[in-house]
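J.: Keeping their order, the protein sequence lines are chains A and B. Just so it is clear: in the first sequence, position 27 is 27 by the numbering used here, and no numbers are missing. Just so it is clear: in the second sequence, position 173 is 173 by the numbering used here, and no numbers are missing.
Check each hint, because a few of them may be wrong.
Computed list of chain B residues with no C-beta within reach of chain A, every gap over 12 Å [said to hold, decoys possible]: (1) Met-21; (2) Ile-25; (3) Leu-26; (4) Ala-28; (5) Lys-33; (6) Ile-34; (7) Lys-59; (8) Ala-129; (9) Lys-132; (10) Ser-172; (11) Asp-210.
DSS-like, lysine-lysine: derived pairs with alpha carbons at most 27 Å apart [what the hints assert, rightly or not]: (12) Lys-82/A <-> Lys-32/B; (13) Lys-131/B <-> Lys-37/A; (14) Lys-82/A <-> Lys-38/B; (15) Lys-216/B <-> Lys-87/A; (16) Lys-4/A <-> Lys-131/B; (17) Lys-87/A <-> Lys-132/B; (18) Lys-86/A <-> Lys-216/B; (19) Lys-132/B <-> Lys-86/A; (20) Lys-216/B <-> Lys-82/A; (21) Lys-82/A <-> Lys-132/B; (22) Lys-87/A <-> Lys-202/B; (23) Lys-86/A <-> Lys-32/B; (24) Lys-4/A <-> Lys-202/B; (25) Lys-82/A <-> Lys-30/B; (26) Lys-30/A <-> Lys-59/B; (27) Lys-4/A <-> Lys-132/B; (28) Lys-59/B <-> Lys-87/A; (29) Lys-30/B <-> Lys-4/A.
Derived, one-sided and incomplete: chain B residues facing chain A with beta-carbon distance under 7 Å [as the list claims (entries may be wrong)]: (30) Phe-99; (31) Phe-171; (32) Tyr-173; (33) Gln-176; (34) Tyr-207.
Please keep in mind that the hints were generated in silico from the structure rather than gathered at the bench. Glycine included, each C-beta is placed from N, C-alpha and C at the ideal position.
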Amino acid sequence: MSSKHLFIILIVLITALLAYSFFGPNSGYKGADHEIKHTIEHSGYQPWFANIWTPPSGEVETFIFSIQAAGGALVLGYYLGKIRGKKEVR
Amino acid sequence: MHIAEGFLPLNWSIAWYILSMPFVILGAYKIKKIVEEKPELKPLLAISIAFVFILSALKLPSVSGSCSHPTGTGLPIVLFGPVVTALISFIVLVFQALFLAHGGITTLGANVFAMGIIGPIIGWMAYRASKKIGASIITGSFIAAFTADIMTYVTTATQLGAAFPATEGGFSYSLQTFLGVFALTQIPLAIVEGVAVMTVVKYLREYNIDLFKSAKGIIHWEES
């Protein structure tokens with residue numbers, strides 16, 4: 001099996017899994033990290049330190065996550081394009 | 001895999017810091033060496049860091065009905081090996097702890113240990129092993145990324161299980177609880193991450209074979 005076959009199989013698998021995630025039974029798509037937090041709090045543990053700064057709302061948090069991804073994508077795209085451009089010039 | 005701020009008892013926080021900081025410092029030293037001795041590799045370093053930033057910002061829905069995110073450490077593992085990955089993970093986790101309240105300063109040591117050390121080391125071992133069984137470097141990158149992602153979450157579950165043993169059933173029972181939340185959720189995401197990594201590796205190999213071949217991880221692959 002070449003890596004090309006593996007690639008195609010994986011894309012199909014991801015599509016199927018995503019489709020199942022969206023249309024199958026679900027429990028509300030909360031963050032796994034959050035569920036863990038509740039499990040621990042449920043056992044009676046009190047966190048002894050809070051985040052120095054927390055995004056004031058879910059919207060602001062989404063904004064910062066977007067910045068994180070967009071900044072990364074900018075750098076990634078720049079260098080991948082540069083590498084390709086260099087090869088085409090040669 | 002982010003253990004939330006304050007969600008590890010103080011002694012555990014300190015212990016994980018002590019275990020992970022040597023790797024982070026060694027990673028900083030290695031990156032400094034790469035920049036000085038092989039400055040032509042800087043684009044690959046930038047791509048690796050950028051890639052981890054992107055993937056760890058994506059919260060994806062999974063079959064288990066909850067959301068989690070890939071780690072993105074597969075790419076730096078394949079290109080540079082686990083030590084450099086430790087520093088990259090450290091940078092991303094500090095960013096998320098300070099600006100997103102994901103993870104925290106007190107749990108940074110534990111989170112770096114899971115995402116930047118144990119995950120990458122086992123991913124790196126899987127990468128080397130896949131070469132031995134005759135896989136191509138593209139398939140090898142998938143295996144490295146998938147393994148690193150899963151092992152990161154297994155490590156987090158173990159860390160939590162150790163810090164919060166159940167009153168009945170102890171460590172093994174609480175480990176099961178935490179693995180139950182993390183492991184199943186993570187399998188599809190690890191596949192997504194693996195595909196992303198193999199795509200970038202394939203692209204790099206196609207368009208700049210010289211640059212690609214001088215990365216430490218690739219040299220190891222070619223030699224072994």
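J.: Does Phe-99/B hold up as a contact with chain A if the rule is Cβ-Cβ below 7 Å?
T.: Phe-99/B check passes; min Cβ-Cβ to chain A is 5 Å, inside 7 Å.
J.: Quick check on Gln-176/B please, does its C-beta sit within 7 Å of some C-beta on chain A?
T.: 12 Å, violated
J.: When the nearest CB of chain A is found for Tyr-207/B, is that gap smaller than 7 Å?
T.: 5 Å, holds
J.: Can the restraint linking Lys-132/B and Lys-86/A be considered satisfied, given a maximum Cα separation of 27 Å?
T.: Since the Cα atoms of Lys-132/B and Lys-86/A sit roughly 33 Å apart, the hinted pair is violated (cutoff 27 Å).
J.: Was Ala-129/B rightly flagged as not at the interface, with every chain A Cβ beyond 12 Å?
T.: 17 Å, holds
J.: For Lys-86/A and Lys-216/B, compute the direct alpha-carbon distance and say whether it is at most 27 Å.
T.: Holds: Lys-86/A and Lys-216/B sit about 22 Å apart, inside 27 Å.
J.: Find the nearest Cβ of chain A to the Cβ of Lys-59/B and say whether that gap is larger than 12 Å.
T.: 7 Å, violated
J.: How about Tyr-173/B: closest beta carbon in chain A under 7 Å, or not?
T.: Cβ of Tyr-173/B sits 12 Å from chain A, so the hint is violated.
J.: May I ask you to check that Ile-25/B keeps its beta-carbon over 12 Å from the closest beta-carbon of chain A?
T.: Holds, since 23 Å exceeds 12 Å.
J.: Is it correct that the beta-carbon of Ile-34/B has no partner in chain A closer than or equal to 12 Å?
T.: 15 Å, holds
J.: Against the 27 Å threshold, does the CA-CA distance of Lys-30/B and Lys-4/A hold or violate the hint?
T.: Between Lys-30/B and Lys-4/A the Cα gap is close to 34 Å, so the pair fails against 27 Å, i.e. violated.
J.: Mind checking the alpha carbons of Lys-131/B and Lys-37/A for me, to see if they're no more than 27 Å apart?
T.: 39 Å, violated
Comparing the model with each numbered hint stated earlier shows that hints 7, 11, 13, 17, 19, 21, 28, 29, 31, 32 and 33 do not hold.
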